Amino acid sequence: MKMSVGDRVEPFTLPYEAGQTIDLADHLGRERIVLLFFPFAFTSVCTAEFCRIRDDWSAFDALDAVVLGISVDSPFVTSRFRAAENIPFPILSDFNRTVTGEWGVLYDDFHGFHGVAKRAAFVIGTDGKVAYTWVTEDAGVEPDYAELLNAVENAC
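FYI, in this note's numbering the residues of the sequence shown are 10 to 165.
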């Protein structure tokens, strides 16, 4: 199933460090949420994307947006990636591919790997519905950051 604008979001819980989880229900319906799905930690485009968000963090922070990265990497890898790049928001591990599958952002075949997350961005409004979607088949393409910030600002 692919998530579309207007779809109601079901909460999920994913680990962001070994033994620690984030429950989307803690934020859903209260805050604007940005979900950033990405293929693999420590790759050039993924690093560029997350460092760009880090460098523009004050814009997201000013909008009181909750930003969560999501990858199929293990929580050990996502935690290490976050620390190495000084990322100011949690990066969740969907190692079992439940959320990436439910949101329709899994490659069937990514250069010989199966079940890798596509690069995608979703904004969820305070009404608990998807307000913005961006999904690319080309993992080398980053989201339009101005468009993403605009979507966060305009999400209800």
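Calculated directly from the structure, the hints in this document are not laboratory data.
There could be a bad hint or two in this list.
Unchecked claim - Derived DSBU-like pairs (lysine-lysine); straight-line CA-CA distance at most 35 Å:
#1 K138 to K11
#2 K127 to K138
#3 K11 to K127
Claimed, not checked - What follows is a set of in silico ranges between Cβ atoms, one per label pair, in the way DEER data are often shown:
#4 E146 to G38: 13 to 21 Å
#5 P20 to C165: 29 to 37 Å
#6 D35 to A68: 30 to 38 Å
#7 W143 to H120: 31 to 39 Å
#8 T52 to N163: 14 to 22 Å
#9 Q29 to N163: 28 to 36 Å
#10 W66 to D35: 16 to 24 Å
#11 N163 to D64: 19 to 27 Å
#12 A93 to N163: 29 to 37 Å
#13 G28 to T107: 14 to 22 Å
#14 A155 to V54: 14 to 22 Å
Computed from a prediction, not measured in an experiment: that's the story for all the values here.
Where a beta carbon is used, it is the ideal one built from N, C-alpha and C, also for glycine.
Checked hints:
1. K138 to K11: 14 Å, holds
2. K127 to K138: With Cα atoms ~21 Å apart, K127 and K138 stay inside 35 Å; holds.
3. K11 to K127: 12 Å, holds
4. E146 to G38: 13 to 21 Å: The hint (13 to 21 Å, Cβ to Cβ) is violated, given that E146 and G38 are roughly 31 Å apart.
5. P20 to C165: 29 to 37 Å: Violated - the Cβ-Cβ distance for P20 and C165, about 19 Å, lies outside 29 to 37 Å.
6. D35 to A68: 30 to 38 Å: Distance hint for D35, A68 is violated at roughly 23 Å.
7. W143 to H120: 31 to 39 Å: Cβ of W143 to Cβ of H120: about 22 Å, so the range 31 to 39 Å is violated.
8. T52 to N163: 14 to 22 Å: About 31 Å separates the Cβ atoms of T52 and N163, which means 14 to 22 Å is violated.
9. Q29 to N163: 28 to 36 Å: Check passed, 32 Å falls within 28 to 36 Å.
10. W66 to D35: 16 to 24 Å: Given a distance of about 20 Å, which is inside 16 to 24 Å, the answer is holds.
11. N163 to D64: 19 to 27 Å: Taking Cβ atoms as reference, N163 and D64 lie about 22 Å apart, which means the hint holds.
12. A93 to N163: 29 to 37 Å: Cβ of A93 to Cβ of N163: about 33 Å, so the range 29 to 37 Å holds.
13. G28 to T107: 14 to 22 Å: 18 Å, holds
14. A155 to V54: 14 to 22 Å: Holds, since A155 and V54 (Cβ atoms, about 18 Å apart) stay within the stated range.
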